[in-house]
Amino acid sequence: MRSVSIFLANFLVHLLAAIGLVSLQSSLWPLVFGKGSAPQLWILPLCFWILRRTAVEALAFCYVLFFVVGSMTSMPMSMIVPVILTVTGVILLLKDRVLWAGVIHFTLAACIGSVTAPMAVWGWSRFLETNPVNTFHFFAWILNPLLTGLFAVASYPFLVWLDDVTQKEAPKDAETEML
Amino acid sequence: LNFLQFDFRKVLGLALLVAFPLISVNMQKEPIEGPSLFRPFLFVAGLSHAGYSGFSQTLRETVDLYLNLIDIKTNNRVLQGELTATRTQLGEMAELRLENERLLKLLGFKEKTKMEMIAARVIGRDLFEDYESIMINRGESNGVQKGMAVITAAGVVGYVILAEPLNSQVLLVTDRYAVIDGLVQRSRTRGILSGLNESQCALKYLKRSDDVQVGDQVVTSGLDNIFPKGFPVGTVTEVVHDEYSFEQQVTVEPIVKAANIEEVFVVTNAQKEDFEVAPPVTGAADTAGAADTGAVPGGSTNTTKAKAP
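Going line by line, the protein sequences match chains A and B. Using the numbering used here, the letters of the first sequence correspond one by one to residues 18 to 196. Using the numbering used here, the letters of the second sequence correspond one by one to residues 444 to 752.
Bound-form chain B, shown alone (with noise of 0.2 Å):
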């Protein structure tokens, strides 16, 4: 009889226990909304789902920085790549259409003059600082002979002192051991044009009475036929008049800069060039190594004025 006898607090708990779920399940009002004491549960699963996602979310977005990083790096590295090499196009770019304005100008310059020349470009220089000259890249295979003349479009350079097979040696007007017959254009005065140092001359076996200012432009008297006629040689900065001297020391400044040079013309024959009565070569100025003084052969203001004798 034993198996009759129930502790019946005991079966009344534990029937307390399964109803009150099944009430409470079968009293809510709206069958959608979930039992209100799921809403505590819901409130820490929603935030340990927020701080799940918020870390996948953080976890996900450091994993894509880091590929994006890598993928920043590559295409950083190409983009460089590519910057450097666009870089460099433009400077061969901008390199090729100063030469080619600087080569058009030398056309133009060659094809309205009648002289004879070859165009060279410079390979070299001097050793020595206290000497100057340059080395072009036109020998007697290409008809260059010593003694020839060597211009650029806008004045005289010098002429060729050593003439090799495939090159040869220029003595540029600067050069100490130079010498170029000149002419001051404004009063006709002829002097010899010697190199001082690198950047003046001196024109020489001036006499004292001789009419020398400063600011004449001296040109080639042209008398060799080395030189054409009244091509311009340099400025004149300086007259000195010594107290007991014959002569007067009278100082000029090339107007073409030797350092500057990198293309030249051989004049192989002159044909009697006169700049004083050609017309003017328009463009011609700015030329490599020419200083803008405006002293374009036959096209400058003081060239104008200047009457042949």
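This is chain A alone, in the form it adopts within the complex (with noise of 0.2 Å):
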């Protein structure tokens, strides 16, 4: 009973942080910068629970993260499920031959995550939109990532705090990689 409460108590705590990430990628840095590159702040809720929870949780962390990422961007529910499946997917795959948990792995990931994003919306949109995408930005594909690599980094110790707060035990495995 205690684990359930915790499991909640901390998902609900990641959720939060996920709104609020994805808040300021979409609100604050807009205001502040204008429109052009932007970190993808809503990869890295979703690198953390990837990279430090089971596949089931990282899923259903990954499922609620459609409802907040589609709460803001006019993306149809039908693109927002694969793009981000298909992310997670990746992050998963690397995870079980390359990364693991801590700082360096966390960042690594969200920057193959920021790559991989706008690459799923391009390669789904040509699939399931009717009007697909047809501009590419390259500069952007260029410096999504590492804007968003350095905000994982500034980010990381933040969700490993969270997980403290809440009484979440870190992985075994990555206690030792962790920096």
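These aren't lab readings, by the way, just hints derived from the structure by calculation. Please note that the accuracy of each hint is not assured.
[To be verified] SDA-like, lysine to any residue: derived pairs with alpha carbons at most 20 Å apart:
no., chain 1, residue 1, chain 2, residue 2
1, B, K647, A, F24
2, A, K52, B, K700
3, B, K700, A, V49
4, A, K52, B, E706
5, A, K52, B, N640
6, B, K589, A, G87
7, A, K52, B, E705
8, B, K700, A, F50
9, B, K589, A, V49
10, B, K700, A, G51
11, A, K52, B, Q643
12, B, K700, A, T152
13, B, K647, A, T147
14, A, K52, B, F689
15, B, K647, A, S44
16, B, K589, A, S88
17, B, K700, A, S44
18, B, K647, A, N148
19, B, K647, B, F689
20, A, K52, B, S642
21, B, K700, A, T147
22, A, K52, B, A702
23, A, K52, B, R564
24, A, K52, B, I566
25, B, K589, A, K52
26, B, K700, A, P47
27, B, K700, A, G166
28, A, K52, B, E696
29, B, K647, A, N151
30, B, K700, A, L48
31, A, K52, A, W158
32, B, K700, A, H154
[Unchecked claim] For each label pair, taking beta carbons as the anchor points, the in silico distance ranges come out as:
no., chain 1, residue 1, chain 2, residue 2, range
33, B, G658, A, R114, 49 to 59 Å
34, B, A537, A, V21, 49 to 59 Å
35, A, V81, B, Q523, 48 to 58 Å
36, A, L32, B, G658, 45 to 55 Å
37, B, R564, A, M94, 45 to 55 Å
38, B, Q523, A, V49, 19 to 29 Å
39, B, R564, A, G53, 12 to 22 Å
40, A, G37, B, Q523, 29 to 39 Å
Backbone N, C-alpha and C fix where the C-beta goes; we use that ideal spot for every residue, glycine too.
Grab the two chains, each in its own frame, and use the hints to assemble them into the complex.
In structure tokens, the structure reads:
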């Protein structure tokens, strides 16, 4: 019973953090820096859950993230779901082979996610949209992962702190790599 | 008797030693002037005084300089702070002045139209670069509803696709999912305006024979009474006639640049407003987010030339 309440509290706290991060990307960033390249902050909580939780828990978080992201974009849900699932799948795939927890790997995962996301948007748009994406933002494709990586370094201690606050235990194998 | 025996040479030497200065003093011509024997001493003393004075002066100046430096540093710090505060205030004033100008123009526009509108501020943008939408700080509680038109004083911005109690999501005219009934102002050719990318739209479903030229102004048709009639949307930048197609591809550059929008109007009731017959709205062209194309509703040269059918 206690483990369930800890999980729910942790889930809720991370969900609020995700909303805060996504709002920062959607609202504060463009208001301060204008329209242009922005860090893909919605990827950060997703990466954190993929790297430090089981696949089922990560998927649960991923499904809730659909709605968080969907509330701040005009992208239809039929596109949001495959795009986020693609990003999740890529990071999960790499987690089993290359990645594990720790700030460096978290940053790496966030950068990979940030590269994957626009590719997934472009690719899925070809299949699912009648009027698909017809422009390439090459500059953004390069700059976004860098910005996302910077924010990943900064946000990792915060996300770990959220785990500490909600008494969520860190994954055992990750402890040696945590900085 | 030895007591009375003197060494007269010594006595004489002593007497001379005493008498010499007395004689010297008494022999001086001008009593005010010091004896000439003092002059070397005075000279050396003068040098010594000058040296000490110079040293003292230097020391005093050094101390003063140091003390002044402390003062200067303190003053500099204070002045730097004041300068920074003044610059900040100036920046704020400039920002306020620009905002004031923008709002005055918006107010002027609002006062000169019969449309019912709600002013709103842009508070967010789309998470994904390939999708064009903005969030505004007015929602259902302010009377905003899904489908309502969103404009600035210069042209069409988009329409509301999601109305929450406190805020709303606006689909920009440049979004690939956006569709607006448009009209080529010069030839009255109708088409559907749809977004292409962040800076372009396409005017679709125009027949090959329809009269469209580069530079033509595209305005809203106003048929649905969501948008006012004759309100500027953009300018035709490219017309392509495919050899084997019944249609022509028309590219339109929107008048309102979404990247720069800060304030917008949500049209709650267009009141059948027709900007092609309405009097010109002066001073509304240079509003935030608008390209300076002279596309003031009812105020441009093209508008005055065009006649309603």
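To see whether the hints hold, each was checked on the structure:
1. Note on K647 (chain B) and F24 (chain A): the hinted pairing is violated, with a Cα-Cα distance of about 52 Å set against a maximum of 20 Å.
2. Under the criterion of a C-alpha separation no larger than 20 Å, the hint pairing K52 (chain A) with K700 (chain B) is consistent with the structure, at around 11 Å.
3. Our distance criterion of 20 Å between C-alpha atoms is met by K700 (chain B) and V49 (chain A), whose separation comes to about 17 Å.
4. The straight-line distance between the Cα atoms of K52 (chain A) and E706 (chain B) is roughly 15 Å, inside the 20 Å bound, and the hint therefore holds.
5. With a CA separation close to 14 Å, the supplied pair K52 (chain A) and N640 (chain B) stays within the 20 Å bound.
6. Taken as a hint, the K589 (chain B) and G87 (chain A) pair is honoured in the structure, with Cα atoms around 17 Å apart against an allowance of 20 Å.
7. Distance restraint check for K52 (chain A) and E705 (chain B): the Cα-Cα separation of roughly 12 Å lies within the 20 Å cut-off, and the hinted pair is therefore satisfied.
8. For the suggested pair K700 (chain B) and F50 (chain A), the alpha carbons sit about 16 Å apart, so the restraint of at most 20 Å is met.
9. At roughly 28 Å between alpha-carbon atoms, K589 (chain B) and V49 (chain A) are farther apart than 20 Å, so this suggested pair is violated.
10. Only pairs whose Cα atoms come within 20 Å are accepted, and K700 (chain B) paired with G51 (chain A) is accepted, the gap being roughly 12 Å.
11. For the hint pairing K52 (chain A) with Q643 (chain B), the CA-to-CA distance comes to about 16 Å; that is within 20 Å, so the pair holds.
12. In summary, the hint linking K700 (chain B) to T152 (chain A) is supported, as the alpha carbons are separated by about 18 Å, within the 20 Å threshold.
13. Our distance criterion of 20 Å between C-alpha atoms is met by K647 (chain B) and T147 (chain A), whose separation comes to about 14 Å.
14. Of the supplied pair hints, the one linking K52 (chain A) and F689 (chain B) is violated, its CA atoms being roughly 38 Å apart against a limit of 20 Å.
15. At most 20 Å may separate the alpha-carbon atoms for a hinted pair to count; K647 (chain B) and S44 (chain A) exceed this at roughly 33 Å.
16. Among the hinted pairs, K589 (chain B) with S88 (chain A) is consistent with the structure: their alpha-carbon atoms are about 15 Å apart, no more than 20 Å.
17. Between K700 (chain B) and S44 (chain A) the CA atoms are separated by roughly 18 Å; this keeps the pair inside 20 Å, and the hint holds.
18. About 13 Å separates the Cα atoms of K647 (chain B) and N148 (chain A), which keeps this hinted pair within 20 Å; it holds.
19. For the given pair, K647 (chain B) sits about 12 Å from F689 (chain B) by alpha-carbon distance, which is consistent with the 20 Å threshold.
20. Taken as a hint, the K52 (chain A) and S642 (chain B) pair is honoured in the structure, with Cα atoms around 12 Å apart against an allowance of 20 Å.
21. A hinted pair counts as satisfied when its Cα atoms are at most 20 Å apart, and K700 (chain B) with T147 (chain A) does not qualify at roughly 25 Å.
22. A distance of roughly 6 Å separates the Cα atoms of K52 (chain A) and A702 (chain B); the hinted pair therefore holds under the 20 Å criterion.
23. A C-alpha spacing of about 16 Å is found between K52 (chain A) and R564 (chain B), which places the hinted pair at or below 20 Å, so the restraint holds.
24. Of the supplied pair hints, the one linking K52 (chain A) and I566 (chain B) holds, its CA atoms being roughly 12 Å apart against a limit of 20 Å.
25. For a cut-off of 20 Å, the pair hint linking K589 (chain B) to K52 (chain A) is broken: about 25 Å separates their Cα positions.
26. Only pairs whose Cα atoms come within 20 Å are accepted, and K700 (chain B) paired with P47 (chain A) is accepted, the gap being roughly 15 Å.
27. A threshold of 20 Å between alpha carbons decides the hint, and for K700 (chain B) with G166 (chain A) the separation of about 30 Å lies outside it, so the pair is violated.
28. About 18 Å separates the Cα atoms of K52 (chain A) and E696 (chain B), which keeps this hinted pair within 20 Å; it holds.
29. Between K647 (chain B) and N151 (chain A), the direct Cα distance comes to roughly 16 Å. Compliance with the 20 Å bound is thereby established for this hinted pair.
30. Restraint check for K700 (chain B) and L48 (chain A): satisfied, since their Cα atoms lie roughly 15 Å apart, inside the 20 Å limit.
31. Taking the CA atoms of K52 (chain A) and W158 (chain A), the gap is near 15 Å; set against the 20 Å cutoff, the hint holds.
32. With a C-alpha separation of about 18 Å, the suggested pair K700 (chain B) and H154 (chain A) falls inside the 20 Å cut-off, and the hint holds.
33. Under the hint 49 to 59 Å, the C-beta atoms of G658 (chain B) and R114 (chain A), about 57 Å apart, fit the expected range.
34. Taking the beta carbon of each, A537 (chain B) and V21 (chain A) are about 56 Å apart, inside 49 to 59 Å as hinted.
35. Our hint of 48 to 58 Å for V81 (chain A) and Q523 (chain B) holds, since their Cβ atoms are close to 50 Å apart.
36. At roughly 51 Å, the beta-carbon separation of L32 (chain A) and G658 (chain B) lies within the given 45 to 55 Å, and the hint holds.
37. Taken as a hint, the range 45 to 55 Å is violated for the pair R564 (chain B) and M94 (chain A), whose Cβ atoms sit roughly 27 Å apart.
38. Taking the beta carbon of each, Q523 (chain B) and V49 (chain A) are about 25 Å apart, inside 19 to 29 Å as hinted.
39. A C-beta distance of roughly 20 Å is found between R564 (chain B) and G53 (chain A), which places it inside the suggested range of 12 to 22 Å.
40. Between G37 (chain A) and Q523 (chain B), the C-beta spacing of about 36 Å keeps the proposed range 29 to 39 Å intact.
Hint compliance for this structure: hints 1, 9, 14, 15, 21, 25, 27, 37 are not met, and every other hint is.
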